[in-house]
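Asks: Here's the letter readout for the chains.
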Amino acid sequence: MTNHYNDLMNSDCILMMGANPAENHPISMKWVLKAKERGATLITVDPRYTRSAAKSHIYAPMRSGTDIAILGGMIKYILDNDLYFRDYVVNYTNAPQLVNPDYRFDEEQGLFSGFEKVGEMPFADFGFYDKTTWTFQKDADGIALRDETLQDPNCVFQLMKKHYERYTLERVSDTAGTSVEDLEAVYSAFAATGAPDKAGTSMYAMGWTQHTSGVQNIRSMAMIQLLLGNVGQPGGGVNALRGTSNVQGSTDQALLFHIIPGYMPTPRANLASLQDYNATTPSSPDPKSANWWQNRPKYIASLLKAMYPDQDPEESYNYMPKLDVGQNASWLVLFDQMHNGKFKGFFSWGMNPATSGSNANKNREALAQLDWMVCVNPFDNETASFWKGPGVDPGNVKTEVFFLPPALFAEKEGAVTNSGRWAQWRYQGPKPLGQCARDGDIMLEIFRRVRTLYEEEGGAFPDPILNLNQKDMAKEGATFPNRYDPHKVAKVMNGYFTRDTTINGTTYSAGTQVPSFPSLQDDGSTCSGNWLFCGSYTEAGNMMARRDKTQTEMQSNIGLFPNWSWAWPVNRRVLYNRASVDPQGNPYNPERAVIRWENGQWVGDVPDGGWPPGERHPFIMRPQGYGQFFGPGLADGPFPEHYEALECPYEEQPFSAQLHNPTALHFEADKEAACDPRYPFVGTTYRVCEHWQTGLMTRWTPWLLEAMPQQFAEIDPELARLREINNGDMVIVESVRGQIEAVAMVTPRVQPFTVMGQTLHMVGLPWHYGWVYPEYGGDSANLLTPSVGDPNTGIPETKAFMVNIRKK
Amino acid sequence: MKLGRREFIKLSATATAVTAFAGLGFNMQPSTAKARLLKTHWAKETTSICAFCSVGCGLLVHTDTSGSGRVINIEGDPEHPINEGSLCAKGAALAQTLENENRITTVKYRAPNTDQWVDAPWSWALQRIAQRVKEARDETFEESNGDGQVVNRTEGIAHIGSAEIDNEENWCLQAIMRSFGLVYIEHQARI
Amino acid sequence: MDGKGFFIDLTRCTACRGCQVACKQWHNHPAEDTRNWGSFQNPPDLSYVTYKLVRMEEYVENGQVKDWLFFPDQCRHCIQPPCKMVGDMDDERAILQDFDTGAVLFTERTNNLFFDEILASCPYDIPRLDEATNLQGKCDMCFDRVINDKLPACVLVCPTGAMNFGDLDEMRQMADERLEVVKEEFPNAVLGDPNALRVIVLFHREPTRFHHAAVASLHGPGRFTRKQAFAKMFGNRKALI
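Protein chains in written order, with my numbering: chain A, 1 to 808; chain B, 1 to 191; chain C, 1 to 241.
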């Protein structure tokens with residue numbers, strides 16, 4: 001989230017699209033309804049009438065997979081009706097910048113300049129973009145040229161206007177199946193927050209990410225928020241409601257192939273030395289651009305020092321495993337490679353990919369290709385027990401499986417980070433149940449034993465293992481399961497001085513905690529396991545454990561709790577908050593100010609850099625310092641463009657000749673069913689309030705199973721009549737990849753869509769169930785979903801795919 | 001028809017025992033004093049954060065200090081600024097998720113091509129995992145790729161997880177997996 | 001002293017069902033063995049081990065959903081509880097009413113009562129029987145929590161302000177004030193039997209759309225009416241026994 005949960009109450013209009021907060025983030029509704037009672041308009045745009053829709057003023061149904069059409073229509077509506085916040089757009093975004101005159105968008109073909117065709121998908125070309133034309137015209141210093149009148153035909157503003165000219169209400173309605181009246185209601189309510197003293201916010205989740213155009217869905221909203229001047233404002237922002245209690249923290253710590261802790265890129269094979277790596281550090285010739293990433297060399301040196309305290313960073317850089325240039329090792333690729341027999345061993349830690357992964361049958365088959373698997377989970381699940389799953393003969397499965405029992409959340413101490421970036425410390429209540437051990441102890445003990453083997457026997461390149469920092473993870477002299485020390489780890493994540501160091505006249509002795517990341521150094525004199533957490537555990541103590549609700553009046557006015565827990569970065573609660581004030585430092589909305597320049601200093605929240613007003617552009621993490629309408633960094637285009645899901649019911653679509661995202665991640669050997677008459681209905685998956693993820697913990701919790709006992713399939717009454725299905729009947733839902741049984745829930749909360757003159761039905765499926773337990777619960781809806789994904793993130797398209805449904 | 005205070009207390013001892021304490025297995029003769037104390041009265045109270053979604057609601061965890069040492073109640077932390085004591089269905093059920101007879105509480109091992117789990121001691125399982133890691137790593141470790149560039153990695157082991165463990169554990173986990181040379185490191189954030 | 005009361009504001013209920021589960025948790029009640037019956041609502045009804053249930057009803061007009069109605073149902077703790085009036089005929093210690101709070105409490109002596117009579121006496125279809133023990137059960141206002149100055153579990157757990165608890169006069173005032181505000185959006189909003197109950201429910205739509213026994217009625221389907229119940233209590237007592 002750019003903002004945080006309490007901040008939702010400051011909003012004048014809340015757009016719940018791509019999220020269903022009442023069911024998946026229920027307590028967020030405390031603040032959503034608070035905003036409602038203060039006069040905010042609540043909007044739900046969703047394929048189903050949900051519990052969130054029930055509390056909204058406006059509910060607009062939409063066909064799954066048409067978010068860019070709807071949001072592109074909103075961009076056009078805002079531009080056509082002059083509802084954008086002009087000062088903000090001119091001062092704080094790249095709208096005035098002049099784009100390379102060779103940049104083109106072919107409206108007929110639906111392709112941006114630089115497309116290189118590689119192959120064909122059903123009904124579409126497949127390829128990648130050469131992005132050399134997706135650039136800006138620059139002056140002699142290398143600073144992008146600007147036309148602050150926004151009139152130059154090559155400025156971003158005019159190109160954007162032209163791009164979305166095609167997104168008429170009629171065409172959007174024809175594509176999304178949303179009525180023109182509903183679209184106008186949504187557009188006019190949300191666009192009203194373009195007034196300087198109004199703020200609108202976006203709550204989104206996997207409803208936007210789980211598409212082959214997932215990143216562009218979110219970019220579309222970010223563009224709307226920049227047009228309306230809502231980014232940086234209390235009650236504004238673009239707010240990702242993340243799915244798991246610590247998925248923010250696990251992302252920050254980079255349990256992902258493409259980043260290392262603190263959102264630095266994973267070293268690639270072409271960057272042989274730390275010097276090569278640092279040569280790719282973002283730079284900016286503009287003195288008014290903070291370009292915060294220019295500090296990256298300090299952060300990677302400090303990370304390397306945290307991992308390998310006894311080596312110079314130049315040496316330990318060599319210990320970091322490198323990806324090949326262009327190599328994608330993301331989830332779908334990982335399971336594809338596992339299916340191909342690439343891996344001998346596999347760790348599945350607190351996960352259940354046999355149920356949570358799209359095309360789950362492929363994952364279940366893939367697990368059988370392994371020599372061994374380590375599964376860490378509190379309850380039996382479809383992954384650990386895959387070798388005795390439906391249709392599997394254990395005698396034919398070679399995989400050796402270790403199923404390790406972890407302590408649960410309240411049985412240990414440590415921090416988790418919520419969507420609002422609050423790192424919150426948890427304490428131990430009871431001891432771990434039975435022989436359960438803390439995850440930290442399990443991993444440290446596996447490591448210790450591997451290390452001992454290398455010490456005793458030698459082996460392939462043992463240096464990274466032999467030199468990994470253990471003193472900052474484990475209690476000295478302790479043994480399993482009492483070695484892991486969360487306080488030590490939290491301290492090294494914050495970082496400390498590795499030798500006596502003087503910064504701006506202040507001397508810090510070796511071992512002193514680094515006060516904040518501006519003090520981190522690139523010469524090995526500081527360590528910090530994650531620069532974003534620098535400031536979380538200082539000489540003043542564990543900031544994440546704070547329970548002080550003291551506020552100034554200004555902070556109290558907008559529900560800011562700066563002394564409760566700790567938020568990254570630097571305890572800043574609202575990101576990009578320098579964009580909430582004008583270039584003189586005066587809040588655009590004085591009634592709900594988040595920061596204000598007063599008597600030569602900033603008051604309120606921690607500002608995005610302490611420079612006086614107007615000295616730096618507000619978007620300090622972008623090299624140019626501006627919010628980006630034209631985003632040249634993505635795989636699939638600088639502007640979001642509507643394409644159909646990879647599995648869709650139509651052979652053509654009204655926006656262009658390009659049916660699908662031509663850069664989508666997909667696998668030749670996997671099956672998809674585009675425009676296949678055997679699978680005429682759109683399938684979509686989602687969650688309910690009473691279960692969580694694969695149901696691994698909640699299916700085993702009787703009170704929750706009682707409330708939602710079984711896999712169900714929500715369908716509209718017309719489809720039910722068509723297939724002679726009654727409410728409560730058992731049905732079979734099938735895709736080209738698999739089938740499941742479900743209880744039919746025939747409900748007018750789901751309605752057929754009229755798209756391009758045709759009627760289209762939807763089948764809605766929760767994905768919380770699996771064959772292990774309960775026996776009557778039904779198997780995973782992910783047996784149906786496709787292994788195709790977004791080209792930027794690789795997140796699978798589980799929100800829109802094609803199915804059939806019939807009575808059992 | 002209303003009862004006087006004194007009479008009520010005498011009678012309500014059994015009433016509350018039935019409705020609030022004993023559940024189905026009601027006890028006919030609890031003492032009056034016990035009935036008037038909350039079940040959390042003698043418990044250790046610790047604060048925590050909910051294990052489910054990412055709102056980050058504060059919890060009060062009540063752990064029995066007299067006998068079992070186990071959790072007897074979890075409710076919302078009224079002081080917490082986000083949830084102010086409230087919880088959803090999942091959060092309200094956390095005590096049952098935690099104190100659950102179906103939790104796996106011993107190490108389970110499934111040998112290749114067999115059809116059952118067997119209980120294994122931690123030390124045996126962890127040692128065997130360590131050996132398996134070393135074998136796989138040594139067999140598949142690449143110092144350089146096809147282009148002769150230094151990569152120092154293994155593509156013979158993959159790892160996923162976890163968004164369900166603490167920040168500090170995640171930091172250690174990524175450090176350990178990267179020290180082994182893994183590049184196939186993924187988790188829930190990708191799906 | 002007016003005792004305690006609840007104010008349940010259905011405009012604020014999101015059916016997160018925290019109250020339903022928190023009630024089970026505090027009372028250590030077991031889960032029921034349920035199946036999906038074509039509804040999000042489960043268990044299908046109140047029971048001896050389900051004191052609190054979020055009822056979920058679709059409000060449909062011309063085939064289109066206009067609203068999804070959520071109703072956290074529970075005992076209303078009547079100020080003059082007919083269940084107690086009926087119960088007292090057989091055993092005055094089976095159903096108690098606390099002097100301070102006004103809580104209506106079913107004790108272990110409810111097995112001395114006739115369940116059909118008790119149920120019939122309740123205009124809100126609340127009491128439930130445990131077949132195994134012949135005991136009757138329903139919401140006890142988390143009496144043990146309340147006398148220890150804690151909110152009932154279902155109120156503490158509620159995120160949105162749908163469930164409120166306090167002194168009855170405060171709850172009545174809160175209900176009246178909220179009704180005025182809600183009427184701007186829902187002109188037909190009403191409070192359910194606000195003068196007779198300690199649990200005041202604000203219905204923003206016709207109460208029977210939420211549940212057939214949402215408010216006291218002379219024409220409750222399939223049950224004794226309150227009038228009939230009183231007639232039986234005071235007129236045909238012997239015949240019933």
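Don't read these hints as lab results, they were simulated from the structure.
Treat the hints with care, as some may be off.
Claimed, not checked - The following label-pair restraints were derived from C-beta to C-beta distances:
| id | chain 1 | residue 1 | chain 2 | residue 2 | range |
| --- | --- | --- | --- | --- | --- |
| 1 | C | 112 | B | 78 | 53 to 63 Å |
| 2 | C | 112 | A | 391 | 50 to 60 Å |
| 3 | B | 113 | A | 106 | 49 to 59 Å |
| 4 | A | 549 | C | 184 | 53 to 63 Å |
| 5 | A | 195 | B | 99 | 30 to 40 Å |
| 6 | A | 676 | C | 184 | 26 to 36 Å |
| 7 | A | 730 | B | 113 | 31 to 41 Å |
| 8 | C | 63 | A | 295 | 27 to 37 Å |
To be verified - With a Cα cut of at most 25 Å, we get these calculated SDA-like pairs of lysine to any residue:
| id | chain 1 | residue 1 | chain 2 | residue 2 |
| --- | --- | --- | --- | --- |
| 9 | B | 108 | A | 481 |
| 10 | A | 488 | A | 650 |
| 11 | A | 488 | A | 459 |
| 12 | C | 150 | B | 40 |
Even glycine gets a Cβ: it sits at the ideal position worked out from N, Cα and C.
Asks: It remains to establish, for every hint, whether it holds in the given structure.
Replies: Going through the hints against the structure:
1. C:112 to B:78: 53 to 63 Å: Since the Cβ atoms of residue 112 of chain C and residue 78 of chain B sit about 40 Å apart, the hinted range of 53 to 63 Å is violated.
2. C:112 to A:391: 50 to 60 Å: holds, 56 Å
3. B:113 to A:106: 49 to 59 Å: At 56 Å between Cβs, range holds.
4. A:549 to C:184: 53 to 63 Å: Given about 33 Å between the Cβ atoms, the range is violated.
5. A:195 to B:99: 30 to 40 Å: violated, 52 Å
6. A:676 to C:184: 26 to 36 Å: violated, 51 Å
7. A:730 to B:113: 31 to 41 Å: Holds - the Cβ-Cβ distance for residue 730 of chain A and residue 113 of chain B, about 35 Å, lies within 31 to 41 Å.
8. C:63 to A:295: 27 to 37 Å: Once the Cβ atoms are compared, 59 Å apart, the range 27 to 37 Å for residue 295 of chain A and residue 63 of chain C is violated.
9. B:108 to A:481: OK: residue 108 of chain B and residue 481 of chain A at ~17 Å, within 25 Å.
10. A:488 to A:650: violated, 57 Å
11. A:488 to A:459: Distance of about 30 Å is beyond 25 Å: violated.
12. C:150 to B:40: holds, 12 Å
The earlier numbered hints that this structure contradicts are 1, 4, 5, 6, 8, 10, 11.
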